[in-house]
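For chain A, the structure is supplied; the task is to place chain B on it using the hints.
Number of protein chains: 2
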Amino acid sequence: MNPTACILVIGNEILSGRTQDVNVQYIARRLAELGITLAEVRIIPDRRPVIVDTIVAARAAFDHVFTTGGIGPTHDDITAPCVAEAFGLPWVIHPETFRLLEAHFPQGEFNAARQRMATLPQGAVPIPNPVSSAPGFSIGNVHVLAGVPRIMRAMFEELAPSLRHGTPVASQSWHALGLYEGALAAGLTDIQERFPGLDIGSYPFRRPDGRGGVTLVSKGLDPAQVRAAADAVQALIAQLGCTPIEGEPPP
Amino acid sequence: MNPTACILVIGNEILSGRTQDVNVQYIARRLAELGITLAEVRIIPDRRPVIVDTIVAARAAFDHVFTTGGIGPTHDDITAPCVAEAFGLPWVIHPETFRLLEAHFPQGEFNAARQRMATLPQGAVPIPNPVSSAPGFSIGNVHVLAGVPRIMRAMFEELAPSLRHGTPVASQSWHALGLYEGALAAGLTDIQERFPGLDIGSYPFRRPDGRGGVTLVSKGLDPAQVRAAADAVQALIAQLGCTPIEGEPPP
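As given, the protein sequences belong to chains A and B, one line each in that order. Take 1 as the starting number for the first sequence in our numbering and just add one per residue. Take 1 as the starting number for the second sequence in our numbering and just add one per residue.
Just chain A, with the same shape it has in the complex:
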């Protein structure tokens, strides 16, 4: 069994619709490559009791918990003290991070707000931030990342080698241009039943020129099974009078 993961997106700006989240897709793709099963994502507001309760529940339910957002210097950046509270740990200056940020900022600009970014749950291990210095951190199975996408991605890549991995997900896609899901459904159900250990997914697409079709994705941990299921999908599309097109994205 691959390890499981949950992403907690912490931020009023996503719940208000102000900001389009793009971090979930990045982390989701990387976890699939690393053989970690993303089982759930929750988007929650910048409210202390909600964040604390959600972290407490998630860290018990999943092997890895990733949070994004809420680790900057302003009053609405409360992820780090909430993680400390969820673990029952004090939230304290991390001396090495303090020195790093003190050296990063010009003389006199490492103010109280910025010193909060050097304040971590006791025992946390910083995740380096090659973009703007202020680190994320891991404590137990909870990994706290920035919300700004390019910083989040850099932190994730710093963290990735140390995560407990599993078997990468194998995936093969065939597109049926001009076919509808309703025509494919019966044949797909048969294929899913023949390969109960795989996920056979069916996703309609529509091109800018107005032509549409369906993408059929076979996914799972056993590459030979995935290939066999994808061969069956290819044959199904051909049998319905359409030329199967392989690969991603849709043609």
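Keep in mind the hints are simulated off the structure, nothing from the lab. Some hints could be false.
[Unchecked claim] From chain A, some residues computed to sit far from chain B (all C-beta separations above 12 Å): (1) A39; (2) I93; (3) G123; (4) P130; (5) E157; (6) A186; (7) G187; (8) G212; (9) T243; (10) E246.
[As the list claims (entries may be wrong)] Short, incomplete list of chain A residues facing chain B, as computed with Cβ under 8 Å: (11) N12; (12) E13; (13) L15; (14) S16; (15) A32; (16) L34; (17) A113.
On a predicted model such as this, the values are computed, not experimentally measured, just so you know. All residues carry an ideal CB built from backbone N, CA and C; glycine is no exception.
For chain B alone, kept in the frame of chain A given last:
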């Protein structure tokens, strides 16, 4: 108090990173306009027990629950029977929808898979689908929408007039080009403390030309308070030697 809402995004394709969700942002913006507080979003897989348990929990915890995805004709489209199970209701042919879809498809093409799209929890009220006919539905406080964005949006707009509304969220944004969050943090904390009923949010941005800054958003239900807080934000930016720029998106 405004009514609360939760969005359940149902779909392996989001959790695998294959697909970038765009439905959350659309619904989030519309709910803010309608005065409905989006309190949580959960992205969950196409797994029956997970979907059922999540719907049971969400419908008890929030005034409105919106689901997206999983209402097509294929084997992985299991939202409707899961909602029926969560309500303890039979999942039965909805005669009016059956007739609608029978008339929509060419003779002989309204097959068993497509008939599933006319099968709803007993007592459900269909949500019209002006794009491709197969409807969503509401049962109790759970509103079941398509996953394909243009169909989801059309269904949402069909549904919106019948939702219990509240007071629309008022919002005013000021941008500080060239300022960092760390310089603004102390002043912002003061403003947040003066306006405890509002959310004062701070969001760094970075333009394609490499110049960055911070957007400061004042949000709440009382437009006069929002204006007063935004005036204080404007003054803070000016006091730090920067010219405040109003509006959305960032300059």
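Check each numbered hint from earlier against the structure, then list the numbers of those it violates in ascending order.
Numbers 1, 6, 7, 8, 16, in rising order.
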